[in-house]
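Participant: So the chains spell out like this:
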Amino acid sequence: MDSVNLNRRQFISSATAAAGGVALPAFADPAEALIQGKAEHVISIWLGGGMGQIDTFDPKRKGDPKTRKPGSYYDSIDTAVPGVQLSEHFAKLAPLMEHVTAVRTVNHTVIDEHAAATNRMHTGRTISGTVTYPSIGSIISHERGAASENAPPYVLIGYPNVTRGPGFLGPKAGYLYTTNTSQGPAGLSRADGITPGRQSRREQFLSVLQKNARPTEESRLLNYDAAIEESLRLSGPEFNRAFEVGEEPADLRNQYGGEFGQRCLLSRRLVERGVRFIEVAHNLNFMNGAGWDVHHEGILDQHELIRELDTAVSALITDLKAKSLLDKTLIVITTEFGRPPEFDARGGRAHQGKAFSCVLAGGGLSHKGAFGETDELSKNPVSDPVGVPDFFATICAAVGVNYRKNLYDGDRPVPITDRGNPIVALFS
Amino acid sequence: MKYCRNIVCVLFLNAVAVVAADSPLVAHWDFDGDDPIDLVTHGGVITGEVGPMAPEFPDLPKGNKAIRLDGKGARLMLADTGKDSRFKFRKGDPITLEAWVNLDGHKSGAPMYIIGKGRTGDPKFDKDNQNWSLRVISSGSGPMQLSFLFATEPGSSTAPWHRWTSNAGFAGDDGWHHIALAFRFGDPKSIRGWIDGKPGDGRWDLGGEAGAKPMVDDDAVWIGSALNGSSGNSFQGWLDAVAVHRAVLDDKMMAARFKRVGGPRVVTPKPQPKLAPEVMPKIDDVPADRVLFTMAEGFPSETRWMNEGETHDKEFMRWVGDDFMLPRIPLRHDDWGIRQSWKVPMLVRMVADVKLPPGKQKIMLRARALGRLWIDGQLVARTKAITVQPPNGEEPVTPVREPTLPGLRRAGYHQQEVFGEVTIEEGKTSRVILELVVGGKNLRPETGELCVAIQTEDGESYSVLQAGEREGFPLTDEAVEPVLAGIEESIAELDDLNRRRAASSRKDFREKRHAAAKEWASANPAPPVPKIKGISHPIDAFVRAKIFRAVAASAGTDLKQAEHFHGKILPLLSENCFRCHGEKEKGGLKLDSRERLLEAVTPGDPKDSELIYRLHSDDEDERMPPTGEPIAKNEIALLEKWIEQGTAWPSPPVDAAEIAERPLISDAAFLRRVYLDTVGVPPTFAEADAFLADKSQNKRERLINRLLKDERGADNWVGYWQDMLAENPALLNQSQGSTGPFRFFIHDSLRDNKPLDQMVTELILLKGGKYEGGSAGFGMAAENDAPFAAKGHIVASAFLGIELQCARCHDSPYHSTTQRDLFSLAAMFERKPVGAPKTSQVPAGFFENRDRKALIKVTLKPGEKVEPKWRFGKMTGMADGGAVDRLMDDPKDSRERMATLITAPGNQRFAQVVVNRIWKRFMGVGMVEPIHDWEGKKASHPELLEWLAHQFVANDFNANYIIGLILTSDAYQRQAIEGNLAASPELRFFSGPERRRLTAEQVVDSLFAATGNQLDIGELTFVHDGKRPLSNRQTLGFPRRAWMLADLNNERDRPSLALPAARTITDVLEAFGWKGARQQPIMQRNLDPNVLQPGILANGTLVAGLSRASNQSDLAELAVNAASPDELVETMFLRVLARRPTAEEQKQFSAALETGFADRVIPAVEVRPIVNPEPLPQITWFNHQRHEATKVQNAVARRVQKGSPADPRLRPVWREKFEDMIWSLINHREFVWIP
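Sequence lines, in order, name chains Z and B. So in my numbering, spot 119 of the first sequence is number 119, and the numbers just go up one at a time. So in my numbering, spot 733 of the second sequence is number 733, and the numbers just go up one at a time.
Any given hint could be a false lead.
With a straight-line Cα cutoff of 27 Å, these simulated DSS-like cross-link-like pairs (lysine-lysine) come out [claimed, not checked]:
#1 Z:K405 - B:K838
#2 Z:K211 - B:K633
#3 B:K633 - Z:K405
Label pairs and their in silico Cβ distance ranges [claimed, not checked]:
#4 B:S984 - Z:E203: 36 to 44 Å
#5 Z:G236 - B:A632: 36 to 44 Å
#6 Z:E203 - B:A632: 42 to 50 Å
#7 B:D689 - Z:N212: 16 to 24 Å
Worth flagging that the hints you see were computed from the coordinates, not collected in a lab. Each residue gets a CB set at the ideal place from its N, CA and C atoms; glycine is no exception.
Please put together the full structure from these sequences, using the hints given.
Facilitator: Here is the structure:
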């Protein structure tokens, strides 16, 4: 249950010894007062496939895929935070790093299977067989609800799957999803060709049936009728207008870039309407075929993916800041696992779970550009290793969710994260 | 030399002598004829090959035979006979292993197994379980050395593996050598090897000198391979005279073994296997004018035709048809009728005598893999073997294939199309034979759309061959599709037939069990049915009796006092105390009756009451309840006052009128309810119309009887079983608790109305193919390090009402069950001792720094193994013992014992849990709730429950019998109510069934049924050309009903791996509480309404498409042919809601449809026909990483979203109105609620 955490403690002691007494990590002490940030929303960007930290947020000396010399694929550049470097393809994000912390020492043990690692990085747990754990999006939605009664708490811009779902928390903590920014979520946006005229005729027909129905006092039937009403309201123009990204100024849309950028822009619009948690999948695998899963030749166009991420995230930070939303909106970037500094026989990279980068931005945190340090080829953490539960606890704390509390699966208490502690350094 | 490849191919090999039990010779195989010890062969084993013989080896007779193994997993296998097996060697035992070997080529670095026991890769056993083995191995280009490998018993040695390698070696390619090796277990110095009779030393080069106990278990003895037949461990070449001795043979004996004459050895080229000559096979018993299909398993290779001397298994199955066309092969069943894997590769033949037109003819063959077509002895066409494994994602997208000739049906995806020519003599009937190799190591056993066609006389088309004088039919979509549907139907019939025939082998077993059940039932009579005037149905009598009793009891009580007690006091006690002090009696205290409560309470004196003291206590260790916040002060005050006033415990107040039975429902309501409850879909228009018009007295009973025989009943139940048993198949990698698709086992069993004791037994015995849909798939649990504990938990909650969820990691806080209970059950299931894995341990930190003692206890020590044992005798009333042996096939098998103890007639818990589950399905609430966790729970109607369970046992565990009892009762046919669920068992009366919503599957199936559409989203798979085994990439077939959907597995988040058509359906299913990814059993689906439910019906793609009067759809036909708006409105009400419209509804909807009705159909000349869009390329796992794959699949998504086009015959203005009416019927709450 808690093997990750125990491992982390054991790991810390050995790492400390090895490094000759590096200071203990800056984690919140469980005995001390609860840390609670002030963020109100989360935009969580998911990089499916496994973003290689050494080619992005934790660059090291350059390697060579031809001679299979381990190292970064690209040159590094300086950023607004002294001493913190990024891959050269983050030209737009580099000047904004004062709002960003790349957590470079995230680690876990699931690397063989994308689906399993996706589960780990959404629920913070391994598969149990006796309980289906909720995703972090569902946890935040469950704890904080929607920020407006005219919005759902949790929207997914990506493909639905169980690891993004509410697990034992039930459908109220679940997501609405869309795979297309020009369209509202499945079930709450009108089907193609249904004009307002047709919709009103439909509702009129429906009211004929409702008026003729036998009156009832049964709560189940009345509750379902209430759900019909609510669904008609949410699928009406007010909430669905959020999905009209075309309303935004052309300049701004261009700044965000392509389809992925538009997803990020849509996320901001959803934040404005009161959605609590938005997960955005960066899944456009036509760019290099594999997405971030850059085995073999998949790596050849990896820089395109990085640049797209750079454009979209920097635009999102700038835009949120301009609208005074940055402090109340935590941006999170996560991925299944990282990738090793070594190259495979065809120049790509395999998987690495023992050290990789996840990113936090905005959300009113005291950003540091980077947190945690890996060794000279980013193969292992050398200071401040951050377990997945700790990373999740940090997200919880940032949005004012009690990361120490238990959730209940029926009678069974389930710690909200797998007993993680937030990175206290980000809350000073 | 006989070489008999039967269905189970057993080699009878020649005996040197029958081995006596006390002889040091354990076994000796000469491979010359009928050896006394049967070996099962697998893979490329060729017998009758030339062995070592005179003159080179003068001691060996001329004509000595040997066997040849292909080095790719070919092997001979001998099952262990159990405890007394002479092949088991323990510490102190002497062993000598010897064999004649002749290597075929040089496999450097890879050990080649001559013979060994254990390490077969059988998952039933520990991985490190080699008892002993003789291998040869070479390092690099060096000589072949002898290698002895064994594993030690866990804990007996620091290293699990020990290996000895000889110093000397022999050349690998210069003919026959004799090798031998002797060892006394426990004495590492005793080892000695011989090559060609000469002794030699060696070294322990792995795991050090091995004096520890060897690992001994019941794994098999294999000759020629190990580890599931991996090529890296397989012997390639010839073997003869393999022997095992229970003695250490000496140098003298060994020297005598090898005598060779002649000069130095020379490397002679090995005779390379030669392909057998290609001759058209002779096939007897081909029925006149029919196509004969035959199948044989165990074909030597999928990449080539047979070599000389090779054979395949004898014919396994045959059937006849009319056409040279085949979309799929039939299912394979095991001897119990459970789906099983085919032994691949296999040879499929289509044979017929065909009257072909005379003269030169052009013939077309479409086939997926290696195939050849014969006509009159002539080889006319051949297709190639599949030899290349496609990559994971980077295969180029295959463009849509152009039809070979205009109008011709396109060949299937990655289907080869080849042509040949043949000249037919005038007046002659030709023998046509197609041979096809199907399946293989990395190939699914699929044929693709196989066909043989002949060019038409005009050269412009092809016509599919048919047997005899039939003309054939054109190879066009229009002609082929109905034929394919017919073939599919006949193969499905064949599957049913084969399955039921095989299942009849269980008849004796079943009869034995059911005779015992009847015996039990008469020895243990059911509670008597209350005699109540005017009530004939036993269920109604039990229900009424309880109502009578409650009314009578409440008559004597002070209503105000009773209301206070039952409204305020009892809920307080129940909420805060009964978890532990209900039927469970924690700390020896029970509080759920006045009598027992008085042990902790002094009536009239709250201060003297332990209960009150504990509620007030500030001491964390004393205060009750033990977890959570203390009870509020004002609530404690209420309790105090109640105690002070005398602690009255009156009977519950009931209002006779309120709990009286509700009126029976109307025919229309009954019709819809009973259809949904049995076959899972509403009646058709005709069925509804006929039933409503029927005036006969017993029409409800007749309908019930008819529906209970309807095979669609199985469809309606599968989802329930999938939830209960956590069925969770993965289309891609096994991950996240995935299992095999044992949905098919469930469906087959339900269709055959298998008695539930038998079905549950077969489930637990994990039979058939894991990946093919056998119950074996239930045994899988990906990413679970204690799969059998997980399965034990599922079985206990499903069939025994015992919830062991907590026991995985610790003893249950609110139950009496312990970790030991769960792991003993897991051990019975796994057939070996099992311990709790690391991930199932409560973290050490949990117990530190706590205010009070933790409620949970960890009682199993880490690493402690628990023996198989039945620990539920007390809970179930079924104790283990010799008495159950007579109900079993194999009383020694702990897994069968577990299945038997669960399903035996004496296990009243099983019978009651099952009938309670059935009851809940139809009545909405169980007599016991929750249905999976009975500990400490009372039944609302204990006698009825017991009576029904008795009926179940006495009537052969036939679920339909119980369902029939329930459906024919008035209790079922009354108006629905709410409140049964919330009521305590005592106050649950079933005055009517609980209001129920349609299940998710019923919603989807009803949508299709009501709109007259067939669910058809293509094949649910990511592999469309069969080029991966099922274990790696599943297919779940072509879903026809909602239960056949599954989790779509797009955790990779790739548009190219999205399945848009399937998604439209899972969107609806998921909104209504279905889960495709069942990581754990779902005891109760979430039934809370949420905004997505009406949302997905109102706006979702599925309803948008189904409610459309699309081209040539049922709805379009209805609209075009309707005589009047009235008729159309009535029809649609009957179809969607199974009732006629009310007068007001009729009026309003008819009026709306009246406008434009007369003019709704566009004159035929003005209709613009629909042009079907061009087909798109197939996107699969193999090509999904290509840019184009994403583009194509996005285009597919757009098409799915758009749906099929509207029927061009209807004017859009009117048509949309009609569609909006249908939409409103679907979106009315009535559609999703059972009346």
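Participant: Look at each hint and say if it fits the structure.
Facilitator: Hints and how they fare:
{"no.": "1", "hint": "Z:K405 - B:K838", "in the structure": "24 Å, holds"}
{"no.": "2", "hint": "Z:K211 - B:K633", "in the structure": "48 Å, violated"}
{"no.": "3", "hint": "B:K633 - Z:K405", "in the structure": "25 Å, holds"}
{"no.": "4", "hint": "B:S984 - Z:E203: 36 to 44 Å", "in the structure": "42 Å, holds"}
{"no.": "5", "hint": "Z:G236 - B:A632: 36 to 44 Å", "in the structure": "43 Å, holds"}
{"no.": "6", "hint": "Z:E203 - B:A632: 42 to 50 Å", "in the structure": "46 Å, holds"}
{"no.": "7", "hint": "B:D689 - Z:N212: 16 to 24 Å", "in the structure": "21 Å, holds"}
When the structure is compared with the earlier hints, a violation turns up for hint 2 alone.
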